[in-house]
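Undergrad: As given, the protein sequences belong to chains E and W, one line each in that order.
In case it helps, the numbering used here puts the first sequence at residues 478 to 670.
In case it helps, the numbering used here puts the second sequence at residues 59 to 245.
Incorrect hints may appear among the rest.
[Unchecked claim] Below, simulated DSS-like cross-link-like pairs (lysine-lysine); rule was C-alpha separation at most 27 Å, straight line:
1. W:K76 with E:K661
2. W:K225 with E:K570
3. E:K661 with E:K570
4. W:K76 with E:K570
5. W:K210 with W:K225
6. E:K659 with W:K225
7. E:K659 with W:K210
8. W:K225 with E:K661
9. W:K210 with E:K661
10. E:K659 with W:K70
[What the hints assert, rightly or not] To list a few chain W residues with every Cβ distance to chain E over 10 Å, as calculated:
11. S81
12. V124
13. A166
14. T192
15. Q197
16. E198
17. I205
Keep in mind the hints are simulated off the structure, nothing from the lab.
All C-beta atoms, glycine included, are put in the ideal place defined by N, C-alpha and C.
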Amino acid sequence: MCEGLRVASGQVTVSDAMALARTEEDQLELTVRQHARLVYRIAYSVLRNHHDAEDATQETFVRVLRAQRKLATVDDPRRWLARIVWRVAIERKRKVAEIGLEEISEVPAQPGSETKSADQQLIEMEMTGLLHDLIERLPRRLREPLILSILEEMSISDIATTLETSEAAIRSRIFRARQILKEKLSRLLEGEI
Amino acid sequence: MKSANNQFDDSKLDEMLKKYGDSEPRPGLEDRVLAHISIEREGSGAGGWNWRLALAVLAVGAVAAVGVFMTPKPGSPPVTPVKETASSKTGSDIPTPVVTYRKPHLTAKQVRRERSPQKAAQTEPRLEQFPSPTPLNEQEQLLIRFIRDRPKDAAMVARLQTELRDKEFPSTVEQLPGVEKPPDSQE
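Between the sequences and the hints, there should be enough to build the whole structure, so can you do that?
TA: Written out as structure tokens, the structure reads:
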């Protein structure tokens, strides 16, 4: 309000404008430093590919740059960023599906995997692939909350804000998704045994 | 037994999901993002200037084009049709469009051409006698006065001068071979 009055009266100097721009740049840099990892992890949970996840992260912050003025007015930048990157990742995944490219999923390299034996690593990779297939077969309304709930940074409230649903609905969907996964995994493991 | 299995499954599922969701970006993600943002910021700034420059050039070009097309050509005066008046309808039933010609707007070059001396001479009224008569000198005035006062003497002097000239300078027609004299001269 005060700045608006000063602009209207023509009292803003060049140094004031530069200081304001500098403050916005600093704020954006701070936001990147604080939340880039979360943004990346959300993108990766949807895309399951490191390159795509990084591209989605870049695109998210470019969108933030374009709406930089809004960043100062946002109450919770973390949730705001989560919503943006979620949309970016979903759009990107949809485009890949429309083009008809095969989805390339990567098995993340586990920290400290050098201590595990080759057999153990192979079993873990197979289990991760199996879980990925099962999650992908879930209905979208169950899959999306489950994917976000895996991220330890995301609370039920954050997930509800990101998916624009109530917390109760999110809890219910996550519970049902887990039930389905447990049943299918149990059946598969019994069959193997 | 079933609840124990479920409990096992829950913990197992949590462990599997944790491994499934465990993903860390490559080191230096924040720096790469900031570098990309700075490039984007510079690009958008330069792009904005380019757009402004292009718009300015386009505007100047449009104004120049309009100026060229709106300037009338020297040989073709603009025709301004005038609405037919009531008097034009009185003669016949067929309406006759009345067309008036308006003097075109002259350019500086055309104005200079009109003011040139050649053009000015053409526009002046034509003289009856060429070259224009000059005032008589003193000898001519004395001769005119002598003719007016003594016309007989003047006529005798004129005849004598003519005879004398004919004697000194005979006609070239008579001297040519094979050419006969006119009958009046023989008489």
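Undergrad: Each hint should be assessed against the structure and marked as holding or not.
TA: Results for each hint:
no.: 1; hint: W:K76 with E:K661; result: holds (18 Å)
no.: 2; hint: W:K225 with E:K570; result: violated (131 Å)
no.: 3; hint: E:K661 with E:K570; result: holds (25 Å)
no.: 4; hint: W:K76 with E:K570; result: holds (22 Å)
no.: 5; hint: W:K210 with W:K225; result: holds (23 Å)
no.: 6; hint: E:K659 with W:K225; result: violated (158 Å)
no.: 7; hint: E:K659 with W:K210; result: violated (160 Å)
no.: 8; hint: W:K225 with E:K661; result: violated (156 Å)
no.: 9; hint: W:K210 with E:K661; result: violated (159 Å)
no.: 10; hint: E:K659 with W:K70; result: holds (9 Å)
no.: 11; hint: S81; result: violated (4 Å)
no.: 12; hint: V124; result: holds (36 Å)
no.: 13; hint: A166; result: holds (44 Å)
no.: 14; hint: T192; result: holds (81 Å)
no.: 15; hint: Q197; result: holds (94 Å)
no.: 16; hint: E198; result: holds (92 Å)
no.: 17; hint: I205; result: holds (100 Å)
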